[in-house]
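Participant: Sequence:
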Amino acid sequence: MSSENRVGRGVPPRWLDCPRKAMRLIQGKFLAFKTPLSSAYDSQVPEGCRFTVDMFFENLKSQKLKMGLWIDLTNTSRFYDKDTIEDYNCSYVKLQCRGHGETPSEEQTRAFVQLCSSFIAHNPLEIIGVHCTHGFNRTGFLIISYLVEVDNTSVDAGLAEFATARPPGIYKADYIKELYKRYDDEADAPPPPARPAWCLEYDDSNIPDTDEGPSTENEDCQDEKGKRKRREIFNKNPIFMAGVPGVTPILEKKKLFGIQRRVQDICGWKDSGFPGSQPVSMDCDNIMLLHTKPYRVSWKADGTRYMMLVQGDGEIFFIDRENSVFEVTGLTFPHVRENRNLRDTLMDGEMVIDKDRGKNIPRYLVYDVIMYDGQDVSKLPFHPDRYSIIENKIIAGRLRAMKEGRLIKEREPFSVRLKYFWDVTQSKNLLGEKFAKQLSHEPDGLIFQPAKEKYCSGVCIEVLKWKPLSLNSVDFKLKIVTESGMGILPRKIGHLFVGGLNTPYGTIKITKHMRDLDNAIVECKFENGQWVFMRQRIDKSFPNSIKTAESVCKNRTVLLWYTKDFTSKDRKSLRINIEFDHATLIRWSPDGKAFIIHKAVANAIEVYKIAKKSDGHLASATKALEFPQHHTEDVVGMDIACTGKYIITCSKMNDLIIWDLKGQTLATVEMHLGSTYRARISPCGRFVAASGFTPDVNVWEVVFSKSGEFKTVAKAFDLAGHSSGVHDFGFSADTSHMATVSKDGTYRFYNTKIEFEKGEDPHVLMTGTWNTTAPASLALSPNAEVLVIAHRSSISFYSTITGVLDTIIEDIFLGPITCLVFDAMGEYLLAAGDKHIKIFRNVTGYRTAIESAKRKLEQRQTQATKERLEKMIRDNKELLEKMGEKCSE
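So the mapping is simple: our numbering equals the position in the sequence shown, first residue as 1, plus 1498.
Hints should not be assumed to be uniformly reliable.
[Claimed, not checked] Here are the simulated DSS-like pairs of lysine-lysine, each with C-alpha atoms no more than 30 angstroms apart in a straight line:
| id | residue 1 | residue 2 |
| --- | --- | --- |
| 1 | 2143 | 2204 |
| 2 | 1901 | 1965 |
| 3 | 1891 | 1877 |
| 4 | 1950 | 2097 |
[Unchecked claim] With beta-carbon atoms standing in for the labels, derived distance ranges:
| id | residue 1 | residue 2 | range |
| --- | --- | --- | --- |
| 5 | 1662 | 1540 | 25 to 35 angstroms |
| 6 | 1991 | 2372 | 20 to 30 angstroms |
| 7 | 1652 | 1518 | 47 to 57 angstroms |
Treat the hints as calculated values from the structure; they're not laboratory data.
A quick note: this is a predicted structure, and the numbers were derived from the prediction, not measured.
Ideal placement from N, C-alpha and C gives every residue a C-beta, glycine not left out.
Based on the provided sequences and hints, a complete structural model is requested.
Facilitator: Below, the structure written as structure tokens:
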């Protein structure tokens, strides 16, 4: 497995602060430890938290311990290279044991005991190392099993021995119960110890939690759905939403745990904690789900999430995200037909505070139902089935009782209403002012619910939540610190922490509203380049995980920069929000007063007009026009002519469209490329070209009349010679030259300054091979003297003067290069990837300029031209020397 693949899934959750190894040997033979991570993870692991195989063996050496057998219980091989263990003359054995709530099987236990017994018999002076992901539950279970089976140790003594060496010992109840079930009496199994602090470090309920990759193993904190496990937490001071009467917390443990288990059982939740469905943030990837299956949409209320349980005895309870339980008094749910109240009903919803005629009115909005009157309805489709149960049975029962005078709503502590859902096509209307005025509380986004799916407990990757960028937020743990230093006046700033990261994710200015919130959970949004405090989250005990934070912060924006600021530390940009979508292509108008984008999901073109300040900085961008949707497949090419007369778009299905600037179709070009890879307009604005699966590049002339009216599109010429499809092509600034790069592993450089009207074909000036046949892109310098090919994350510079490879720059980004372009003067090359742009000086261009000047000097020149060429050589050599670069002799 490559280093990139190993590291790609990140550090295992809760690994950073987990103790590296046991405090001492167990029975003088076993050493328990968490999995080491290779140095490939160093960029993700603070230096003080690192734990590599080499560090481990160095520690053993300092203690004069010889480890002869290393047993790996994880279900993956990505954490380290096992060959490094064998380099220390230590045998490595992989004994895969799934975590996930599965204790090691009897067969796995038998294999472990036999392996260890045999090793100890033949190597009495050497120790055995055992690890799983964190080195507690699976590891402890198997070591204790050995002690019981071989050394006749009691289970009680084995648990105590392991806990003393690796505190707090096994902390999962099912592992302890299984040990007693196998070797003692299950009824005598003690309760597990409190979960260690490092395993309760964050709330990642918004995302699926991954640990060991495709194996789906997560030793300590996941179930088969990927939801992290943790022991039920007893909150001694649960707080319900302010302003809601008739609600009191349940603190008596027996009753509390009984209600928690009842709700979990109804949901089919095998884990601990809150069993309610958890949406994930909409991003550029999962938004495509809206096109693959039917969805319903509703507004996202700025309220607090609660499940509601109606018991058979008439008791009603709220359960919050912390799994705290609150009893409700004064509320009833009459049956819609029978003269009795509902029983055994579990609903999901949120509490809001509505503003009505100057008064605060608490309302519980029901948006889902899992059990109705003792019947499991969780497997029914959301719409119309479960939704209809809420509307026509639960709410209708209350309305009927009100009409008959059996229910007086003014006497109830709060009202109960259906939360409406509409077809997904109504999303835009829910964002309008008209709808917002109809609500009596603040909306802060949208919820997209799959219409035909069953209720999903825990994280549901198909239930999507969307917030406008102005409200997209992250829940942090705030730590207030004093910043001081040489020349700095002491001031308090806030460090913002997320789960899975020991260092601050960001910082925030401390306002008067935040002074007393040290160590509190705070909700913040990112605005104008900085984090802004929104509110304290009294309903949460843990911050979001780093994965949630990164998901929330994924951009749906276009950033416009003022290039004169690039040399300044105070670089500012203008951000344009692309709601519900993201841009894949962007092009400036020739006059710089507008730009166009291609939207990925809508697969359409939008035009934005720019307003500038008096100093030239960008002030605002306003959408001026949206082109009609034409393409059915992804757009691979979009360009605007330098003349400002037309725009082109082309999808991979060979449908090249020429538009006027008002979004009207001027022409459709018929192509036969098999599949289109690239489409561009020449710098002079005269030609349109496209490449694809076939080995030729097709070039057309776009003809306008003298009065500026569009006339026709006519075939000009083809670039031929490749034996396979052409990945990319480029023009010189004056369109006199073109270059191509192909799947066949070759590139070609052409003279296109030809009389194509008379049937003249382009002339091949140079051809060569490049070092990979992977998908590539290219850029041709404005003067046509440098050809750059990007392949994966590396770029190669070729001189078209000498025909040789001049320079290779490797591994510019972690991911592939997505865009490559020269600046107008050809002095710099810009490469995009990993959400960054890197700028390189065109060093090859200086060397080719010297070579070009030398070749011209070999020809007969006037004295003035000769002096100019000689000066050019001197100037370019001087520049190369200043940069520490070699120059051709």
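Participant: Decide, hint by hint, whether the structure agrees.
Facilitator: Each hint, compared with the structure:
| no. | hint | result |
| --- | --- | --- |
| 1 | 2143 with 2204 | 13 angstroms, holds |
| 2 | 1901 with 1965 | 39 angstroms, violated |
| 3 | 1891 with 1877 | 18 angstroms, holds |
| 4 | 1950 with 2097 | 28 angstroms, holds |
| 5 | 1662 with 1540: 25 to 35 angstroms | 33 angstroms, holds |
| 6 | 1991 with 2372: 20 to 30 angstroms | 53 angstroms, violated |
| 7 | 1652 with 1518: 47 to 57 angstroms | 29 angstroms, violated |
The structure does not agree with the numbered hints 2, 6 and 7 stated previously, though it agrees with the rest.
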